[in-house]
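Residue numbers (our numbering), protein chains in the order written: chain A, 181 to 508; chain B, 9 to 363.
Keep in mind that the hints were calculated from the coordinates and are not lab data. Careful, some of the hints might be misleading.
Below, in silico cross-link-like pairs of lysine to aspartate or glutamate (DMTMM-like), each with a Cα-Cα straight-line distance of 25 angstroms or less [claimed, not checked]:
1) Lys280(A) - Glu193(A)
2) Lys301(A) - Glu193(A)
3) Lys491(A) - Glu50(B)
4) Lys214(B) - Asp373(A)
5) Lys218(B) - Asp373(A)
With the Cβ distance kept under 10 angstroms, some of the chain A side facing chain B (calculated, not the full set) [what the hints assert, rightly or not]:
6) Lys194
7) Ala196
8) Val199
9) Ala220
10) Ala229
11) Tyr358
12) Ser404
13) Gln427
14) Asp429
15) Leu454
As the structure is a computational prediction, the values presented were derived from the model and not from experiment. Note that beta-carbon positions come from the ideal geometry of N, C-alpha and C, so glycine has one too.
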Amino acid sequence: MSAAPQKAKAGAEKIAVTVSAVVPLNDLVTRFEFKRTDGAEFPPFSAGAHTVVEMQDGDRTRLNPYSLMSDPADRSIYAISVRRDDQGRGGSLFMHQKVKVGDAMTLTYPVNLFSLDLRAKKHVFFAGGIGITPFKAMIAQLEQSNGNWELHYACRTPALGTYADELTNAYPNKVHVYYDDQNQVIPLEDLLDGQPLGTHVYVCGPTGMIDWVHATAAAHGWPSENVHSEEFLAPQPGKPFEVRLCQSDITIQVGEHESLLEAMERCGVDAPFLCRGGACGQCETDVVEAEGDFVHRDHWLDDEDHASGKKIMPCVSRFVGKTLVLDR
Amino acid sequence: MTIQFNNETFRDDYSFRNSDWAIKRFPFPFHEDSYMYSVNMEQHRGGPEGSVYEKRFDVDEHYLSEMQDRAIVLAEDPLRCQSLPHMTLAGWDTLELIMVSKSEDYPELFELHRDGNRWRWVNKPMKIDHTFTFLDETTLPCGPLEYITRQTQGDFAVLDQRDEMLWMDAGMVTTQADWSLDFDIGMNFFEWHAPVPLAHEMGIFKRALKFLLNVQQGAPARRLNWTMTVNPLLDTSPENYHKWGIQKTTLTPENIGAKQHLRVELQTFFRLPRSNALLFPIRCYLIAFQDIVTVPKWGRRLHRVVRDLPEELATYKGFIANRPVMLDYLSQYDDGLPTSPGVWPDLETEPPLAK
Ligand code: HEM
Ligand code: FES
Numbered sequence: 181m182s183a184a185p186q187k188a189k190a191g192a193e194k195i196a197v198t199v200s201a202v203v204p205l206n207d208l209v210t211r212f213e214f215k216r217t218d219g220a221e222f223p224p225f226s227a228g229a230h231t232v233v234e235m236q237d238g239d240r241t242r243l244n245p246y247s248l249m250s251d252p253a254d255r256s257i258y259a260i261s262v263r264r265d266d267q268g269r270g271g272s273l274f275m276h277q278k279v280k281v282g283d284a285m286t287l288t289y290p291v292n293l294f295s296l297d298l299r300a301k302k303h304v305f306f307a308g309g310i311g312i313t314p315f316k317a318m319i320a321q322l323e324q325s326n327g328n329w330e331l332h333y334a335c336r337t338p339a340l341g342t343y344a345d346e347l348t349n350a351y352p353n354k355v356h357v358y359y360d361d362q363n364q365v366i367p368l369e370d371l372l373d374g375q376p377l378g379t380h381v382y383v384c385g386p387t388g389m390i391d392w393v394h395a396t397a398a399a400h401g402w403p404s405e406n407v408h409s410e411e412f413l414a415p416q417p418g419k420p421f422e423v424r425l426c427q428s429d430i431t432i433q434v435g436e437h438e439s440l441l442e443a444m445e446r447c448g449v450d451a452p453f454l455c456r457g458g459a460c461g462q463c464e465t466d467v468v469e470a471e472g473d474f475v476h477r478d479h480w481l482d483d484e485d486h487a488s489g490k491k492i493m494p495c496v497s498r499f500v501g502k503t504l505v506l507d508r
Numbered sequence: 009m010t011i012q013f014n015n016e017t018f019r020d021d022y023s024f025r026n027s028d029w030a031i032k033r034f035p036f037p038f039h040e041d042s043y044m045y046s047v048n049m050e051q052h053r054g055g056p057e058g059s060v061y062e063k064r065f066d067v068d069e070h071y072l073s074e075m076q077d078r079a080i081v082l083a084e085d086p087l088r089c090q091s092l093p094h095m096t097l098a099g100w101d102t103l104e105l106i107m108v109s110k111s112e113d114y115p116e117l118f119e120l121h122r123d124g125n126r127w128r129w130v131n132k133p134m135k136i137d138h139t140f141t142f143l144d145e146t147t148l149p150c151g152p153l154e155y156i157t158r159q160t161q162g163d164f165a166v167l168d169q170r171d172e173m174l175w176m177d178a179g180m181v182t183t184q185a186d187w188s189l190d191f192d193i194g195m196n197f198f199e200w201h202a203p204v205p206l207a208h209e210m211g212i213f214k215r216a217l218k219f220l221l222n223v224q225q226g227a228p229a230r231r232l233n234w235t236m237t238v239n240p241l242l243d244t245s246p247e248n249y250h251k252w253g254i255q256k257t258t259l260t261p262e263n264i265g266a267k268q269h270l271r272v273e274l275q276t277f278f279r280l281p282r283s284n285a286l287l288f289p290i291r292c293y294l295i296a297f298q299d300i301v302t303v304p305k306w307g308r309r310l311h312r313v314v315r316d317l318p319e320e321l322a323t324y325k326g327f328i329a330n331r332p333v334m335l336d337y338l339s340q341y342d343d344g345l346p347t348s349p350g351v352w353p354d355l356e357t358e359p360p361l362a363k
C-alpha cells in the first residue's frame, strides 16, 4: 500500500461500443465491426492484441476473447472475426445468431499476449483456419513500418479460406495458402531451414498445429524465444462440482456448461481475470484443501504447480472430486 | 491553480527549496511506523485533489529547474538517454502518452493539436511551439523518447516485454538513485535488480514481475520507493559518484536539517499501446529534514522508521554511516505519541510536538 489505495476491479478497462457492420465471410466465419458509442476514437493497439467481448445473452453474461483483426492504425473501428462453433458453449452462436448492426455491446481495452518481436529481421507467420485473425493486424502494422514478413496459411477448402483471396491479391509474393482438400501441406521443415538469422516465427491455429510448429522448430535448432504462439482455450464443459470459497465465505456450484470463474462471478465474487483463456495468470487462485482430481487446462502454471494441487486457474480448469476449498 | 515555477539549482550552490505547498503535498512514503520491502503496488488512477497522485504526470514548481538540470547532465554525458533500435515505436508511444495526458490534465500549460499525423505541441512553460509528423523521426530534433523526456520531470525506463520477461531496452536517466542506464541497458528484470538485498529471498521480485507483465492499457499502476540524499542532488549516478559520494561525509549536527534530504520516487507503470512495451517513469521528490519535521506526524514517524530499519537496507540505501547523526537530529521530533495510520500529514488532527 502506498498513498491512496483503491480497490482494483477485475478485468481490463471497458469500452461501450455499437455494432457498425456484420459481414458474413463464408459458411462459418462472420466479421463484426464496432464503433465507439461515445463517438471518440478507439485506443491505439499493438497487433496481436485481443479484446474480450461481453455478450448479454438473456440474463447470462458471456465473455469471450477474440483477436483484434482490424488495422491498428485505423482508430475509427475495432473488428473481430468469429468462427461459428456449433459444439461450443454458445458464445460464437450468440454472435452469429443474435448480434445485429446497431446493437450496444461492451469490449475490453486491448490486451496483447501475442505481440510481434520488434527486434526480428523477418517475421514468418503460420496460420491455421480462424487463426488467421491476429495476422491480419500484424500484416497491416508491418506494412506501415516496412517490416519483412511472409504468411503460410492452411485452410480446409477454398470456400472456407477466410481472407485468403483478399490477402493473396494484396500481397501475392508474401502470402502462401495451402488447402487441405487439395492435399496441400505447409512445407514446414524447408521453411524453417531457409530463414535468415534473426527470423521470428509465429503460429496461431489448432492445438495440433501449434505443437507441430514448436516441436519441428526445436528439432531444427530454433531457440524457443524465436517461436511465438497463441491459442485461446475455451473452457470445456465438464461434470458439475461444488467449491467452498473461504474468503467470501460461501459455497457455490459450478454447472456443466460454465467455468469455475463464471460460477464465482455469477455468485457475486469479484475474482480477478484478464484473458479468460488460461494464458495471462491473473486468475491464479490458491487451493486451501482438495480431495479429488484437478483438470488443469491452462498454459500458465508449470507442471510442478499442476502436480502440487496447490493452485488452480479458474478461467479454464475444473475439478472432479469430493471437496475443493479455495482462498478466494 | 497556477504554478509558480522556482528558479533553483540541484548542484553547486544548491538553491533548491520546497514551498509550503510542496511540503504539504510531499509524497511521504511511510504509511506506518516501520518499513520493509513489499509488493506495494496500487492502481494509478488519480488521487486526492492537489496531491502528487492526482495527475498521470505530476507537474510542480521544480519543473523548469529540473529540465535545466537534465540538459546539463545530457550535455556532459549523452549516454544517459539510450534507445535500442527496436524501441523507437515505444518512444513514440511515450511521446503520445505524455502529450495527450499533459494537454488534458494541464490545459493552461500544454496544448496538443492533432490533424491526422500532423501534430502541433505547445509547451508554454518551456516556450516550445512545434509542429511535427507523428511516427516520422526526421521531423523531430532528436528521437521521440529524448524529445518528450527533455520536457517531462522524472527518469524513464522503457521495458520491452518478451518471453514473459521485461528488458531494459531504452531510457532517459539523469535523476537516479545510484544506478546506471548505460550499465543496465539490455538487462532483464532479475538482472538489474540483482544488487537489491533481501527482496529476492522474500519472493518480491517474482511476484512484482508477474504483476508488471499484466499491467494493461488504460489501467496504469504505481508504487513508492525511497532513499536518502545529502544535498538536494538530482543526479546521484554511479558515473558521478566521485562528485557526490564524498558529500555524505560533510553532515554535522548543525547542518543536517538543511543538508539531509529524504528522496522519494513515485514510480508509475503504463502499458504502451502500439509497441506493447511498459513505460516506467520514476519521479524523484526531495525534501530537507528540517521541512519534514514541520509536519509533527512525519517527524515522529521518520525517526522510528530510520531507527528500526534493517541494517541491510540502510547499507544498500547508503546511509548506514550517517544513521547515528540522523537519529540524534530526528529524535528531537519524536515525543513518543502514537501516529495516525496512512501517509497524509493530518495537520488538523495530529497533536503538535509535546517536547
Ligand atoms: C519495470 C519496472 C522497474 C524498473 C525499471 C526497476 C528498476 C530498478 C533499479 C534500476 C533499481 C536499482 C538497483 C541497483 O541497485 O542497481 C531498483 C531497485 C529496487 N526495485 Fe525496482 N524496478 C522496477 C520495478 C520494481 C517493482 C514493481 C518493485 C516492487 C516491489 C521493485 C522493487 C525494487 C526495490 C525494493 C529496490 C531497492 C530500492 C531501495 O531499497 O532503495 N522494482 N529497481
Ligand atoms: S484469466 Fe488469464 S489465466 Fe485465467
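Consistency of the hints with the structure:
1. Lys280(A) - Glu193(A): holds, 24 angstroms
2. Lys301(A) - Glu193(A): violated, 34 angstroms
3. Lys491(A) - Glu50(B): holds, 24 angstroms
4. Lys214(B) - Asp373(A): Violated, because 36 angstroms separates the two Cα atoms, which is more than 25 angstroms.
5. Lys218(B) - Asp373(A): Roughly 35 angstroms separates the two Cα atoms, so the pair is violated.
6. Lys194: holds, 9 angstroms
7. Ala196: Given a least distance of 13 angstroms, the restraint on Ala196(A) is violated.
8. Val199: Given a least distance of 22 angstroms, the restraint on Val199(A) is violated.
9. Ala220: Since the shortest Cβ distance to chain B is 12 angstroms, the answer is violated.
10. Ala229: Cβ of Ala229(A) sits 8 angstroms from chain B, so the hint holds.
11. Tyr358: Hint on Tyr358(A): violated, closest Cβ of chain B at ~29 angstroms, above 10 angstroms.
12. Ser404: At about 8 angstroms, which falls below the 10 angstroms cut-off, the nearest Cβ of chain B leaves the hint on Ser404(A) intact, so it holds.
13. Gln427: violated, 18 angstroms
14. Asp429: Status violated, d = 25 angstroms.
15. Leu454: Holds: closest Cβ of chain B sits about 6 angstroms from Leu454(A), inside 10 angstroms.
When the structure is compared with the earlier hints, violations turn up for hints 2, 4, 5, 7, 8, 9, 11, 13, 14 and for no others.
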